[in-house]
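Trainee: Next come the chains, spelled out residue by residue.
Number of protein chains: 2
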Amino acid sequence: MSFIKFDRYVDRHARSFTERLQNLCRMPSVAARGSGMRVIAETVEQSMQRIGIGTRSFRVGSGYPIIYGECGGGPKTFVVYGHYDVQPVGQLSDWSSGPFAATIEDGKLYARGAANSKGDLVARLAAVEAYQKTFGKLPVTLRFIIEGEDGLGSPSLYRFTAENAELLKADGCLWDEGSSDTKETPIISLGFKGITFLELRAFGPRSDLHSKWGAIVPNPAWRLVQALATITSPKGVITIDGFSSHIAPISDEDSEVLRAIELDEAGLKREFRIGGWVRAMKGPMLVKEHIFGPTCTICGIHTGHTEAGAKTVLPSMAMARLDFRLVPDLTAQIVVGLLREHLDIRGFKDIEIIELGSAPLAKSSAKSRVARAVIESTAEVYGKPPLIYPMDPSSGPVGAVCGVSEPPTPIASFGTGYAGSNPHGPNENIRVEDFLKSIKLIGRVIHKLAASKSKAAIDPHEDSKSTAPLPKVKTEPRI
Amino acid sequence: MSFIKFDRYVDRHARSFTERLQNLCRMPSVAARGSGMRVIAETVEQSMQRIGIGTRSFRVGSGYPIIYGECGGGPKTFVVYGHYDVQPVGQLSDWSSGPFAATIEDGKLYARGAANSKGDLVARLAAVEAYQKTFGKLPVTLRFIIEGEDGLGSPSLYRFTAENAELLKADGCLWDEGSSDTKETPIISLGFKGITFLELRAFGPRSDLHSKWGAIVPNPAWRLVQALATITSPKGVITIDGFSSHIAPISDEDSEVLRAIELDEAGLKREFRIGGWVRAMKGPMLVKEHIFGPTCTICGIHTGHTEAGAKTVLPSMAMARLDFRLVPDLTAQIVVGLLREHLDIRGFKDIEIIELGSAPLAKSSAKSRVARAVIESTAEVYGKPPLIYPMDPSSGPVGAVCGVSEPPTPIASFGTGYAGSNPHGPNENIRVEDFLKSIKLIGRVIHKLAASKSKAAIDPHEDSKSTAPLPKVKTEPRI
Numbered sequence: 000m001s002f003i004k005f006d007r008y009v010d011r012h013a014r015s016f017t018e019r020l021q022n023l024c025r026m027p028s029v030a031a032r033g034s035g036m037r038v039i040a041e042t043v044e045q046s047m048q049r050i051g052i053g054t055r056s057f058r059v060g061s062g063y064p065i066i067y068g069e070c071g072g073g074p075k076t077f078v079v080y081g082h083y084d085v086q087p088v089g090q091l092s093d094w095s096s097g098p099f100a101a102t103i104e105d106g107k108l109y110a111r112g113a114a115n116s117k118g119d120l121v122a123r124l125a126a127v128e129a130y131q132k133t134f135g136k137l138p139v140t141l142r143f144i145i146e147g148e149d150g151l152g153s154p155s156l157y158r159f160t161a162e163n164a165e166l167l168k169a170d171g172c173l174w175d176e177g178s179s180d181t182k183e184t185p186i187i188s189l190g191f192k193g194i195t196f197l198e199l200r201a202f203g204p205r206s207d208l209h210s211k212w213g214a215i216v217p218n219p220a221w222r223l224v225q226a227l228a229t230i231t232s233p234k235g236v237i238t239i240d241g242f243s244s245h246i247a248p249i250s251d252e253d254s255e256v257l258r259a260i261e262l263d264e265a266g267l268k269r270e271f272r273i274g275g276w277v278r279a280m281k282g283p284m285l286v287k288e289h290i291f292g293p294t295c296t297i298c299g300i301h302t303g304h305t306e307a308g309a310k311t312v313l314p315s316m317a318m319a320r321l322d323f324r325l326v327p328d329l330t331a332q333i334v335v336g337l338l339r340e341h342l343d344i345r346g347f348k349d350i351e352i353i354e355l356g357s358a359p360l361a362k363s364s365a366k367s368r369v370a371r372a373v374i375e376s377t378a379e380v381y382g383k384p385p386l387i388y389p390m391d392p393s394s395g396p397v398g399a400v401c402g403v404s405e406p407p408t409p410i411a412s413f414g415t416g417y418a419g420s421n422p423h424g425p426n427e428n429i430r431v432e433d434f435l436k437s438i439k440l441i442g443r444v445i446h447k448l449a450a451s452k453s454k455a456a457i458d459p460h461e462d463s464k465s466t467a468p469l470p471k472v473k474t475e476p477r478i
Numbered sequence: 000m001s002f003i004k005f006d007r008y009v010d011r012h013a014r015s016f017t018e019r020l021q022n023l024c025r026m027p028s029v030a031a032r033g034s035g036m037r038v039i040a041e042t043v044e045q046s047m048q049r050i051g052i053g054t055r056s057f058r059v060g061s062g063y064p065i066i067y068g069e070c071g072g073g074p075k076t077f078v079v080y081g082h083y084d085v086q087p088v089g090q091l092s093d094w095s096s097g098p099f100a101a102t103i104e105d106g107k108l109y110a111r112g113a114a115n116s117k118g119d120l121v122a123r124l125a126a127v128e129a130y131q132k133t134f135g136k137l138p139v140t141l142r143f144i145i146e147g148e149d150g151l152g153s154p155s156l157y158r159f160t161a162e163n164a165e166l167l168k169a170d171g172c173l174w175d176e177g178s179s180d181t182k183e184t185p186i187i188s189l190g191f192k193g194i195t196f197l198e199l200r201a202f203g204p205r206s207d208l209h210s211k212w213g214a215i216v217p218n219p220a221w222r223l224v225q226a227l228a229t230i231t232s233p234k235g236v237i238t239i240d241g242f243s244s245h246i247a248p249i250s251d252e253d254s255e256v257l258r259a260i261e262l263d264e265a266g267l268k269r270e271f272r273i274g275g276w277v278r279a280m281k282g283p284m285l286v287k288e289h290i291f292g293p294t295c296t297i298c299g300i301h302t303g304h305t306e307a308g309a310k311t312v313l314p315s316m317a318m319a320r321l322d323f324r325l326v327p328d329l330t331a332q333i334v335v336g337l338l339r340e341h342l343d344i345r346g347f348k349d350i351e352i353i354e355l356g357s358a359p360l361a362k363s364s365a366k367s368r369v370a371r372a373v374i375e376s377t378a379e380v381y382g383k384p385p386l387i388y389p390m391d392p393s394s395g396p397v398g399a400v401c402g403v404s405e406p407p408t409p410i411a412s413f414g415t416g417y418a419g420s421n422p423h424g425p426n427e428n429i430r431v432e433d434f435l436k437s438i439k440l441i442g443r444v445i446h447k448l449a450a451s452k453s454k455a456a457i458d459p460h461e462d463s464k465s466t467a468p469l470p471k472v473k474t475e476p477r478i
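Chains as they are written, first to last, in numbering that gives the first Met the number 0: chain F, 0 to 478; chain L, 0 to 478.
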């Protein structure tokens, strides 16, 4: 089947698609701040309706709207995940232009959320439009699940999907995380590491004290530092008692896939401006650690006075935020349990552990229908085979969408970003060309999802014939 | 000599003195923020002129004005130090009323700077006024040095005094730091620990990264934590190589004075809401540590994202602010040198040390004329002997004022605060009654400075007869 007409449609509408993305990027939908969330949810829903997607919007408690949308037909059903919220912008002064200006410079669209993941959301909808305009009705049923709490650990999504598991029954899932690497090879992920996000707290005097008391009043900042220092070694190895014994060995299939992956070490080092990697790793060891290594990252520490001006205080409280990325067979529960025991045994019973959120890991096979459709389409559009990550080192609420049925729904994840997209940092951006290429890629994926037969002997939902009904919800109707 | 008239004057003007203090406290003179500094300097200067103090105002470079004032006469000259700037307010939400509202509740005046040290400044000026109105001309020459950079490490003051050493030649110095303890015993200090204030920095990738890179990209937050953890032990002992060998043993005279000091351990623990002291110390050991122990306090750490909302980043930079309080014979130079070596030898050459400021320690004898005048006056006004601290555990620019001549000018320091004043924290306050008592105390001090003879065999400036001329300054004239 020829995509000449499809591609021509995309090229002819490049400007309008890009403007749609800019419009969305100009809405400052930082979930952590919470303003403007309903407006952007309505905008997204309207843009879905405009191209004939039937939608409903749901709210769980006071959470941000979840937009459910359905279009197409045919025996196969696929879930398309997306989110309209973005990460906090961090220090404004680190940005070259306003994080919500969505300016295009040198072909790059700069905005918080451009790469993660408004570009993907707009590209997926644009592909549906282009497909309908050039081929007609979609040959598969697509079920969009668009949430607004990706940056908050997706609490609404977890409740919504638990209550509406029927809706998530699908032959596969298209996820929105991905980019090309420093050598311009697109990366496709078949799963994600899990995550558990914790806050550790140490407490001292009732309020910040004059630091003249430093010789005799216990300092919670020192307490926290001493406790943290027992969790990893100076070489960056996680040293929590019993931690490594909970990690599953890497399977033969995964080892096989790992061998095909190469990290552009020099390019990444330039990109990140770092002198070397943890433990001076390189080559296959570095790849293995990146994709299958568990992590314990200090994401933030705050205590005392750190603004301009000398203020010599003995702090009242000290806190650190840690995220652990989970690999097979680690779970959030195991990590928190081990950490608690580890700290207790070393006399740090006073350090409070607060669980801020978690997501289980997800992993699926390269042989699923959805994986094959994405891999083949990518090879066509990019002119070279993509890199396949058996598990992306990032995390997301994949479990909420693909883990509610048994066996879990297979997934393939890809996105519009590139190696310089900096999705959680300042100057987040995507290249407009990548955005347009992504639309073309998605058009082909839609086609292949219907046409191709999975080569896997078992495809869990191969025989699911009917489109699931719109959810009968415990979830509250839209406000 | 009877102070009946003097005390009556103070009582009759209690309201007006208190209002003067409230007015000054309503000026938000946070040196670190820098707005409104010239206005408050002018207000202070005018209030000095209004009671007949001859003043001049100086600026060093773009620093905040230093107000020099002179009044009285007679053979003896004493320097009175004060400052009109205040500490940053910290989290506004921690305050019960606005930090610059200067409201009085239950007899307590709440304001940033009330205890440190606008209460002292206004009390000293009020005492001069009351003395002149009731006794006439002051029997000693007082030289006021009022600066606006106490919170910044007093850079202007150091330059000003170095350039105008003649002006600082005096028979003694009255300092403005002090309070009564939890048992309502006033504390008089004859010196201060030194201080060096440092920032440690660790650097990672060029900007905050998505924490999915945590398995392979070095994290500066972990780097900083690991480096910090080598500086003190979990028990709170400073473990910098060679540190303890630079600390002088406590002299017999000081040991003697220490024996007279008792900390109200239970009261302070209640006040600070802490369960115990560092290393579970108590009694004489606790007192000794408090007054003669060196400190290394983490005053603040910042790295990554610590605001509301989950943001899983691998930080670009991590920084910690440390203050070391210096005891005999430690100097800032020694501490920084030892710390650098200590970190280097452990492989932390990448950790940057930035010196933010320092002040040498100062220590003088309880037998000096100024010490005796303050001690005796305090005993009279409070009806019980004060506690004498051979060295206050806090620090200040005493070296700038009292260290420019040789031997150093003896000092005595006392203030209007009490155990609940919380001078660097939220809800800083003084009791109005303490403020008025302090005025009465200062009146008696002025009198005794002229009348009493030092019992010390040597009083360094006993024979200095003339009032030093107003400075011929390299320092720029007032703007």
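Since the hints were made in silico from the structure, they are not lab data. Computed from a predicted model, the values in this text were never measured in an experiment. Just so you know, not all the hints are guaranteed correct.
What the hints assert, rightly or not - Covered stretches of chain F, going by a simulated chain L footprint (3 or more residues, C-beta under 8 Å):
no., segment
1, 222-230
2, 300-307
Said to hold, decoys possible - If we take Cβ atoms under 8 Å as the criterion, some of the chain L residues that face chain F in the derived model are:
no., residue
3, Ile333
4, Leu337
5, Glu340
Glycine included, every Cβ here is placed at the ideal spot set by N, Cα and C.
Trainee: Does Ile333(L) pass the interface hint, meaning its C-beta sits closer than 8 Å to a C-beta of chain F?
Mentor: Because about 18 Å separates Ile333(L) from the closest Cβ in chain F, which is outside the 8 Å limit, the hint is violated.
Trainee: Can you confirm whether chain L covers the segment 222-230 of chain F, using C-beta to C-beta distances below 8 Å and requiring at least three such residues?
Mentor: holds (count 4)
Trainee: Once the shortest beta carbon distance from Glu340(L) to chain F is found, is it less than 8 Å?
Mentor: violated (18 Å)
Trainee: Given a cut of 8 Å on the nearest C-beta pair, is the interface hint for Leu337(L) held or broken against chain F?
Mentor: With Cβ-Cβ at 18 Å, over 8 Å, it is violated.
Trainee: Closer than 8 Å, Cβ to Cβ, for at least three residues: run that test on the segment 300-307 of chain F against chain L and report holds or violated.
Mentor: With 8 residues closer than 8 Å to chain L, the segment 300-307 of chain F meets the three-residue bar; holds.
Hints 3, 4 and 5, counting from the list given before, are not met by this structure.
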